[in-house]
Amino acid sequence: MPVYTCTAAQGTLTGESKAALAAEITRIHVAINHVPPAYVNVIFSEPPPDSVFAGGEPGAPLIVSGWVRRGHPQEEATRLALELSSAAARVTGVPEGHVMVVLQDGPARSAVEGGLVLPEPGEEKEWLARRGEFGRAS
Amino acid sequence: MPVYTCTAAQGTLTGESKAALAAEITRIHVAINHVPPAYVNVIFSEPPPDSVFAGGEPGAPLIVSGWVRRGHPQEEATRLALELSSAAARVTGVPEGHVMVVLQDGPARSAVEGGLVLPEPGEEKEWLARRGEFGRAS
Amino acid sequence: MPVYTCTAAQGTLTGESKAALAAEITRIHVAINHVPPAYVNVIFSEPPPDSVFAGGEPGAPLIVSGWVRRGHPQEEATRLALELSSAAARVTGVPEGHVMVVLQDGPARSAVEGGLVLPEPGEEKEWLARRGEFGRAS
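Quick mapping for you: the protein sequence lines, in order, are chains G, E and U. Residue numbering for the first sequence follows my numbering, starting at 1 and increasing by one per position. Residue numbering for the second sequence follows my numbering, starting at 1 and increasing by one per position. Residue numbering for the third sequence follows my numbering, starting at 1 and increasing by one per position.
Honestly, I wouldn't trust all of these hints.
You can't tell identical chains apart in this list, so a pair holds if it fits in one copy or across any two.
[As the list claims (entries may be wrong)] Each computed SDA-like pair below joins lysine to any residue, with the alpha-carbon atoms no more than 25 angstroms apart: (1) K125 to G55; (2) K125 to A20; (3) K125 to G11; (4) K125 to G59; (5) K125 to G93; (6) K125 to P95; (7) K125 to R27; (8) K125 to V91; (9) K125 to E16.
Keep in mind that the hints were calculated from the coordinates and are not lab data. Small disclaimer: the values here were computed from a predicted structure and weren't measured.
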């Protein structure tokens, strides 16, 4: 259900650190927002170094930007962002001073996965049962 | 006015299926949200396969993420998301089980196209008349 | 604190015009939203020309999409979008008729930079003091 996009200039992340970061984002999101791991999508976007700026100068940020369903308590969104930031620094070696995490939320009813409108937070169980009838890969 | 970004690992979509999906997104958005086709922007982002994960493992989702003006009725946003999901699977051959559609909205007054602040939903007509004085390519 | 993503087909922007646009976005954001320049992130995404569509046809838009903290007055967001649009056309040579600017906002408390939850608009001063103790590159 969530979609995370991680952006860093080419050369900032290795294949190994991308896999490790995807695994950590998935683990943390599952623990806090209660969806099965298979529903956590993580994409990496790696523009060339001359396409990444901070303060108008070539920069080296790692930006983790996530879309999540609206309706989770704010304190959980804050905790999610803090844990993602800390994990991103830890598994990639990028200093946490260069890590930024942004969570954007939107109405579950404006999103569709596997042909089904997403459930409101807290109503995942019935949705997953319906979803199971189709199968993730159906 | 809307901006759709379609993300799938390299090799998931052909040039033909990208053109077909852009055409379908445009057709469906025009039918439901009542803007002229020329104002529907569709971008494809195709990271290498080692940059796309679902459940912490290399994955093959097709994610269609759209920005639309806030103020459309929720049921129309839901219908738009459902029709986009179904069309995306149909024209690309990606199983709908792997398709995700997310619509995010924002205030029309926080967006500018062709030098003009976007109109609220329902106020497109006057805006388009003003816009015509400039010309799309002016 | 803000993250701007500029999207245009490969070949639309030169290295020089990307640097100039990043500098202008930074200057304008700093002037209107009162954050130090070092906190303005700008990323360029340049898909191949066959991946950019307007009206279902290959197109040539320049799309500037920004994430900003929620809570700034709407009139300032509108002014920010208008000035960014005008600057983007001026420094890149892309006709303003092809430029689109979208500002999306989200709760400051759903975002983390340098390990610290972002401040609400107007509360930057204390936050920057705390941040200084860590150092941007710490």
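Here is what the structure says about each hint:
1. K125 to G55: Classified as between; 18 angstroms across copies, 45 angstroms inside a copy.
2. K125 to A20: Neither way: K125 and A20 sit 28 angstroms apart in one copy and 35 angstroms across, limit 25 angstroms.
3. K125 to G11: neither (41 angstroms within a copy, 34 angstroms between copies)
4. K125 to G59: between (43 angstroms within a copy, 23 angstroms between copies)
5. K125 to G93: neither (37 angstroms within a copy, 29 angstroms between copies)
6. K125 to P95: between (38 angstroms within a copy, 23 angstroms between copies)
7. K125 to R27: within (19 angstroms within a copy, 34 angstroms between copies)
8. K125 to V91: neither (31 angstroms within a copy, 31 angstroms between copies)
9. K125 to E16: neither (33 angstroms within a copy, 38 angstroms between copies)
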